[in-house]
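Turn these sequences into a full structure, and let the hints guide you.
For reference, the chains in residue letters:
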Amino acid sequence: MEGQIKSKGISRRKFVGIIGGGVVFLVSAWKLAPNLFLDEEGNQINSSTDFEGQKVTVWVQIHEDDFITIYNPSSEMGQGSMTALAVIIAEELDADWSKVNIEQSSANPSIYGAGWGGRGRSMITVGSRTVSSYYNTLRQAGAQARFVLLTNAAKSLGVSIDELTTEPNKVIHKASNRQMSYGEIAKIVKPMDDVPDIAESKLKKPEDFRLIGKIGPRFDIPSKCNGSAQYAMDIKVTNMVYGVISRSPVYGAKPILLNKSEIINSPGVVNIVELDHGIGLITDTLELALKIKPKLRIEWSTGNKAENFNSFDAYNTYPEIAEQRLSSGNVLSQKGNISNGLKSGLRTYSSDYKNDFVYHAQQEPLNALVSVAADGQSAEAWVGTQAPGNNRNAIAQELGIDPSKVEFHRTYLGGGFGRRSSSDYVVEATKLSNVQKQPVKLVWTREDDLQYGMFRPQSLQRMEASVDNSNNIIGWKHIIVGTGNNLLGSGAKPQFYSIPNLHVEVRNINHGVRTKHWRGVGHGANKFAIESFVDEIASDLSIDPLEFRLKLMKDSPRAQNVLRTVAERANWQSPSANGRAKGIAFAERSRSLAACVCELSVDKDSGRIIVHKIWATLDAGVVVQPDNAIAQMEGAILMGMSSILKESITFRNGQVEQSNFDDYNILRMDEVPDSLEVHIIPSKVRPTGIGESGVPIIGGAIANAFATLTGKRLKHIPFTPTKVKLVLES
Amino acid sequence: MTELSINVNGQSQVVNVDPTTPVLWVLREHLGLTGTKYGCGKAICGSCTIHLNGTPIRACITPVAACTSGKITTIEGLSENNNHPVQKAWVEAQAPQCGYCQSGQIMQAVSLLKNNTNPTREEIKSYLSGNLCRCAAYMRIINAVEIASKIS
Ligand code: FES
Ligand code: FES
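Residue numbers (our numbering), protein chains in the order written: chain A, 1 to 730; chain B, 1 to 152.
There may be inaccurate statements among the hints.
What the hints assert, rightly or not - Each pair of labels, with its calculated beta carbon distance range:
#1 A:295 - B:1: 12 to 22 Å
#2 A:271 - B:5: 31 to 41 Å
#3 A:510 - B:16: 44 to 54 Å
In short, the hints are calculated from the structure, not lab data.
Note that beta-carbon positions come from the ideal geometry of N, C-alpha and C, so glycine has one too.
Encoded structure:
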């Protein structure tokens, strides 16, 4: 069953023992009584109690046939963390990787959640933090499971535990030349009352890693090459009907269905569900739902905030808001005295940058399958989601039941990028199924997904800076004006640049439209502005932008190293061929550091920017799966490049003007560079996030290369051919 | 509703559907062949690429009635054990990320290599440019096609 996600929850019959408050160690099971299973407090779990809801931690199961099952708590959306997390456990367990199988854990945050940010345990795959937030927990889990194996082997071999060592899937007693496989131990293992925490000093040293930093292939990939990987869109259960929803064209508008009797009497229509934000249609087949959906005649309420919103006109109002003297916004960072800093400079600079809304465009449109029981007191759901815990709670809340009454199955995600960390689509499916009391597979069309999207916010970045007579930046002010509150601010603080007087602030305007985290959140727009502005200043001072940045980074050798390395790899100092130029940029994201050089040319007739080569470096601490980290960087850089060159969502009278991939263009294969080289900086420090690190570095690199090539600056993403031509002609 | 017979992956299948139904839904929802994906429904993204008589088509806009006289191949029918040279190359290159576009990419690539056993990079890019990959796993997809062209 390689690469298949099994949707079955873990059966409590399989448990053998509980270890302390940490890992529960599972072995071949059926012959042992289920009441051996204890919860976190050491109380016996009543065998009639469902496993769900118990405070236990269950990561690994060792089978008598020597195979090992590791449970994956993260959402696998292409970022590879299901493999990475298993590698971390397998490393300390000293598992034979070829015998490891990975299964989805249950969607129970109290068991499988990671504690981060003091917010308690949650199961949510966002912010590139899966590996970093589970790293210590899973090393400990693996080490404790190994301890249980050693203890049992010691007893069986009649030796002291100190005389034993492990090789992959084997416990070795060197002195007597005896060994036991993990499978053999599984046959005789006894539950242990207590397993101590394994001291950090007893964990493996990075130089002894057999798997971390070495395992290449991802577990899920074979199934993604033969069509067998299961996404929520692919799940079918008996008695299932299909749902589609016609949603408000302007956010907030409420529907009245004008031809209800005509629709309900069409053959194959099962039900109509009138929702606050749209009309749900339930049918026998998906093709019928899609055919009938356009025939719904709906009158939408007016008077909603969004309906006067025109995204291009809105830009005209932003500069005034940016200029307001008094701080009316949310100050993200402040240092020194900004007004003195700006006034006392020898030279001062000011520049505005803009970025349009962008759409997630995950390849699998949103969908969810929910089945509410006839009595409404329980439900089952199949969802590709970044936030299974929240989804499960949202379903429970919608039905007024306890979350433990929701059996939640996680599937692969056909892309997430932040869109699938919300619960809106899952709640919709719950509402439809709750009316129908039948399993309903709710499918969003591409048009639904785009037009009722939640977007990375549009904003204006007002940058001001001053430079003293030694070419040091002594004042830096960055005001972000846009819609989307906290989404606007991430990455705005130039934390690796040493600047004595600093002010960074978000001024939010509510346009009444929906915004959301989009891979890298605010970093995409903010780092584009920051890195462009740094280059503008360097260029005015006639200083090499690499040198200028290295000087700004004087307090962070680690950042300098990332930047210097990319410059070396790109041969920064050697000039590009005629008609081409290079640009450089740096960004931090999720505590990782990354830098990028790109080389491009411009087709002056069409206005098309052609990116020829990209070099990138990444310092992300210990990298569990280097090849996958490179793949993530490649993907994130190109997705970032897509947003920089092509993507734009616009609103007219509150309505999204785009509808599908014909008018919302994303990067295609014929637009990728000839080469994209990613270099990972070796490190022994604890892992930091990777999945988004490629996005923030590419915008500045492209804009800066363009400026070097043409002497003109692109300040409004996306850099579409039309805009490029306008700038070239200016 | 009409009873139609189609040949999918070498097997004859009878379905009872509206003949205008896109073959995508017939494959996925009626025959359970969910490897072929829905991405746009308008022949813009390539996620639904299958072969009809060996030629790649977009299943999302092709009515099932147009497929009754031909042979359909889907990703599931490419090989028994995931060992078609293109699939092997895909694994070797670690091409997929989320994987959702990859059935379509693979079907498109198989067809490229059938017509052109040793394509240049530019030919690969142009032949596959109708297949969107939002994860932007493009560098590895190109690499995978190059590997496949060597092993096939
Ligand atoms: S779904 Fe057919 S081309 Fe996009
Ligand atoms: S791998 Fe995710 S869309 Fe291509």
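Verification of the supplied hints:
no.	hint	result
1	A:295 - B:1: 12 to 22 Å	holds (19 Å)
2	A:271 - B:5: 31 to 41 Å	holds (32 Å)
3	A:510 - B:16: 44 to 54 Å	holds (51 Å)
Against the hints set out earlier in the document, no violation occurs for any number.
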